[in-house]
Amino acid sequence: MKDTQLQSKIAIGILKGIAFSVVLILAFLIGYIFVTGLPNISWGFLTRPARAFQAGGGIGIQLFNSFYLLILAMLISIPIALGAAVYLNEYAKDNLFTSIIRTSIEILSSLPSVVVGLFGFLLFVIQFGYGFSILSGALTLTIFNLPLLTRNIEESLSSVSDDQRQGGLGLGLSKFETIVHIVIPAALPGIISGVILCSGRVFGEAAALIYTAGQSAPALNFADWNPFNIDSPLSPLRPAETLAVHIWKINSEGIMPDLSQVSSGSSAVLVLAILIFNLSARYIGKKIFEKMTSEI
Amino acid sequence: MESKIHKTGEQDRFIYNFNDDPSQVVMETIGMKVYYGDELAMHNDDIQFKKNNITSLIGPSGSGKSTYLRSLNRMNDDVARVTGKILYQGVDINQPGIDVYEVRRKIGMVFQRPNPFAKSIYDNITFALKRRGLTDKKKLDEIVETTLKQAAVWDQVKDSLHKSALYLSGGQAQRVCIARALAVKPEVLLLDEPASALDPVSTVQLEQTLRELKKDYTIIIVTHNMQQAARLSDYTVFFNMGEAIEYNETRKVFTRPKVQLTEDYVSGNFG
Numbered sequence: 001m002k003d004t005q006l007q008s009k010i011a012i013g014i015l016k017g018i019a020f021s022v023v024l025i026l027a028f029l030i031g032y033i034f035v036t037g038l039p040n041i042s043w044g045f046l047t048r049p050a051r052a053f054q055a056g057g058g059i060g061i062q063l064f065n066s067f068y069l070l071i072l073a074m075l076i077s078i079p080i081a082l083g084a085a086v087y088l089n090e091y092a093k094d095n096l097f098t099s100i101i102r103t104s105i106e107i108l109s110s111l112p113s114v115v116v117g118l119f120g121f122l123l124f125v126i127q128f129g130y131g132f133s134i135l136s137g138a139l140t141l142t143i144f145n146l147p148l149l150t151r152n153i154e155e156s157l158s159s160v161s162d163d164q165r166q167g168g169l170g171l172g173l174s175k176f177e178t179i180v181h182i183v184i185p186a187a188l189p190g191i192i193s194g195v196i197l198c199s200g201r202v203f204g205e206a207a208a209l210i211y212t213a214g215q216s217a218p219a220l221n222f223a224d225w226n227p228f229n230i231d232s233p234l235s236p237l238r239p240a241e242t243l244a245v246h247i248w249k250i251n252s253e254g255i256m257p258d259l260s261q262v263s264s265g266s267s268a269v270l271v272l273a274i275l276i277f278n279l280s281a282r283y284i285g286k287k288i289f290e291k292m293t294s295e296i
Numbered sequence: 001m002e003s004k005i006h007k008t009g010e011q012d013r014f015i016y017n018f019n020d021d022p023s024q025v026v027m028e029t030i031g032m033k034v035y036y037g038d039e040l041a042m043h044n045d046d047i048q049f050k051k052n053n054i055t056s057l058i059g060p061s062g063s064g065k066s067t068y069l070r071s072l073n074r075m076n077d078d079v080a081r082v083t084g085k086i087l088y089q090g091v092d093i094n095q096p097g098i099d100v101y102e103v104r105r106k107i108g109m110v111f112q113r114p115n116p117f118a119k120s121i122y123d124n125i126t127f128a129l130k131r132r133g134l135t136d137k138k139k140l141d142e143i144v145e146t147t148l149k150q151a152a153v154w155d156q157v158k159d160s161l162h163k164s165a166l167y168l169s170g171g172q173a174q175r176v177c178i179a180r181a182l183a184v185k186p187e188v189l190l191l192d193e194p195a196s197a198l199d200p201v202s203t204v205q206l207e208q209t210l211r212e213l214k215k216d217y218t219i220i221i222v223t224h225n226m227q228q229a230a231r232l233s234d235y236t237v238f239f240n241m242g243e244a245i246e247y248n249e250t251r252k253v254f255t256r257p258k259v260q261l262t263e264d265y266v267s268g269n270f271g
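Chains as they are written, first to last, in this note's numbering: chain A, 1 to 296; chain B, 1 to 271.
The following block holds chain B by itself, in its conformation from the complex:
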């Protein structure tokens, strides 16, 4: 099916899709709406996420990009009401009877501020596995090493695995949090402005890590930094006022946007 500019109300929208090859799609939302109380916070947001790609969600503050992201692994359950379909591997995970804890293990999340637990680095990574009954020390050691290597922080912390994770620098702590999310073997990794609390050097390193990770994971990242989205991602969604306005290959979103609003935003004439 051809992607084309939709007219919904006053607003033009352009949403790319992979309907010619659905096997590439690992996650998608169909008719999803998010309500805070009675207030509709998110709608018109049918997005398909391509496997082993990085998709950026951009948009001004309050545009709903974080709300959208957090709905994908049901982290909004406590604060909002989410209706519509969220398909993961073709299964609607937004329906009663779905094991939400399993969903969150399959669709991992890394948060804006690094949030290591008040435990050792080792325990931070193995904790969730131990809670699921994995006690084989050798296996746990192996997972700790692999995930820390994947998160590109193994060399810095390998000698202090049993020290508290609270004393790590912001960049290292955020990587340990990524390793922690990887330890439960997710397929999709959601990142909510993961670099906003990091310095520029750590940010560049983090982006490099994410590029490496996309070989094995599908990554969806919220960022308020447009350069970051442009550098890092394969696809970009632009959100505004609780709607997905434009979804396309990153290159196209930033160079030849189809919707005027997107053009205004990426060129800085927004407001």
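Bound conformation, chain A alone:
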């Protein structure tokens, strides 16, 4: 074998090894979390409220809080991100103003989440007087989430071929009509995948919530769905410890006797949820696209 061939074989081997080690690390991490955590998961564990001093507590409220916060945060951030992405990708000219926006988004996306959390604490919790609440948490998560979501949506939009836009304009549609009815639908699979991937990130976020949504999970009355009552699950003004915050909290100051079981069980649930988000993202995007493009 020639030297160059050997060289390239070795190089490819090394690169393969590096790539494979990434998979190995992930497999080890997830494997460890599941092996220690999954045996602790039961229906009771998923639905019972947490207990501070006795064994047998669950994560029911935390789990509900996580999803509720996620949905609220997404409801706020998707329209904003979509608007920003449409502007940047479809309308913005290549000028100073646009590059300032882009740079701002980049900086915002690289801010540590704990800094975003403290900012949320000062602005929403203190200044606006929302207190430790779902609302403060959702707004903070929006700030945390916006840059990445905007970037994701923008990428989906820019992957739509220009031919589609031309086609719309060529039929006498306005630019806005073309974007809303042709470009966004064509980008929808990508947009949905992006939203779901961001959901995974938001779902697992702890640092941004510790000082905004709070670290307590008061008992909820699941019979009361009036959002204006403070013990209703839907109340946006109640404090709401999420699953990720719960894991952080019990590991730093938990004193229940079954601490390690609760902790590993919660971690497994969290990782499982994020895995589902990630793995389903592409599939759901594709399915929705198929559904949308044909009427049957």
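You may find that some hints are simply not true.
Claimed, not checked - Stretch-level coverage of chain B by chain A, calculated; a stretch enters the list once three of its residues show a Cβ under 8 Å from a Cβ in chain A: (1) 29-41; (2) 117-124.
Stated by the list, open to error - Quick list of in silico lysine-lysine cross-link-like pairs, DSS-like style, CA-CA up to 30 Å: (3) A:K175 x B:K138; (4) A:K287 x B:K106; (5) B:K50 x A:K291; (6) A:K175 x B:K130; (7) B:K137 x A:K93; (8) B:K149 x A:K291; (9) B:K214 x A:K291; (10) B:K139 x A:K291; (11) B:K158 x A:K286; (12) B:K33 x A:K93; (13) A:K175 x B:K106; (14) A:K286 x B:K163; (15) B:K252 x A:K175.
Since the hints were made in silico from the structure, they are not lab data.
Yeah, the Cβ is synthetic: ideal placement off N, Cα and C, and Gly gets one too.
Position chain B against the provided structure of chain A, taking the given hints into account.
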């Protein structure tokens, strides 16, 4: 007025006109210039298009034929500055106050690559009509059928009207795009190298379709395929370096060109 060879600068040009019978002219450009930034990309291009005829625009890459075509229904608005007059039915459509969306419905366009929308075939065709407030299901059904028949693709797709248009073959997709353009009832149809992404069989079928369509529409087609221009069109414009060099009946352009440059191009001695 007699058409004759013009001298503009160094370049001979021959531009046919219908000044003896202006009623035949459905579109024409007068003193139109196209600028990309400060750069003049198109000038010396006064062309009159004859009603219910097919006119080919030919020329080497970068000659400006596509730029010219896209100016005709103001598709260049976003990328270029177009000055001068573009007359459609005697009205200058290149002036402020003209409803550019209406212009594009009257002067439809089919693009180089088939670009069906991510919608069903039915919705592809009816979409623009629905946006203009036409909701009568019966009427829409009728338009879908007529236009698909005009585009000669009805038989292939009539059973899958509500399936996604994205899974059509290139030739079928391009016909659906033609049907889509016809649905908004244009009078002029601009085609920008519509066959360049198609195989030879689909190309021949497409040409046949266009011949049928010229009964009802005035067709202007950009093609880089000289045989296609010769087979298909009644009139041909030869563009070079952002100028219309020769405009005449297709037969004459290809057999007895008046300008040396045209002769070189159509006989393949160009360069």
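Against the structure, the hints:
no.	hint	verdict
1	29-41	violated (count 0)
2	117-124	holds (count 6)
3	A:K175 x B:K138	holds (29 Å)
4	A:K287 x B:K106	violated (37 Å)
5	B:K50 x A:K291	violated (45 Å)
6	A:K175 x B:K130	holds (16 Å)
7	B:K137 x A:K93	violated (41 Å)
8	B:K149 x A:K291	holds (27 Å)
9	B:K214 x A:K291	violated (37 Å)
10	B:K139 x A:K291	holds (25 Å)
11	B:K158 x A:K286	holds (26 Å)
12	B:K33 x A:K93	holds (24 Å)
13	A:K175 x B:K106	holds (18 Å)
14	A:K286 x B:K163	holds (15 Å)
15	B:K252 x A:K175	violated (42 Å)
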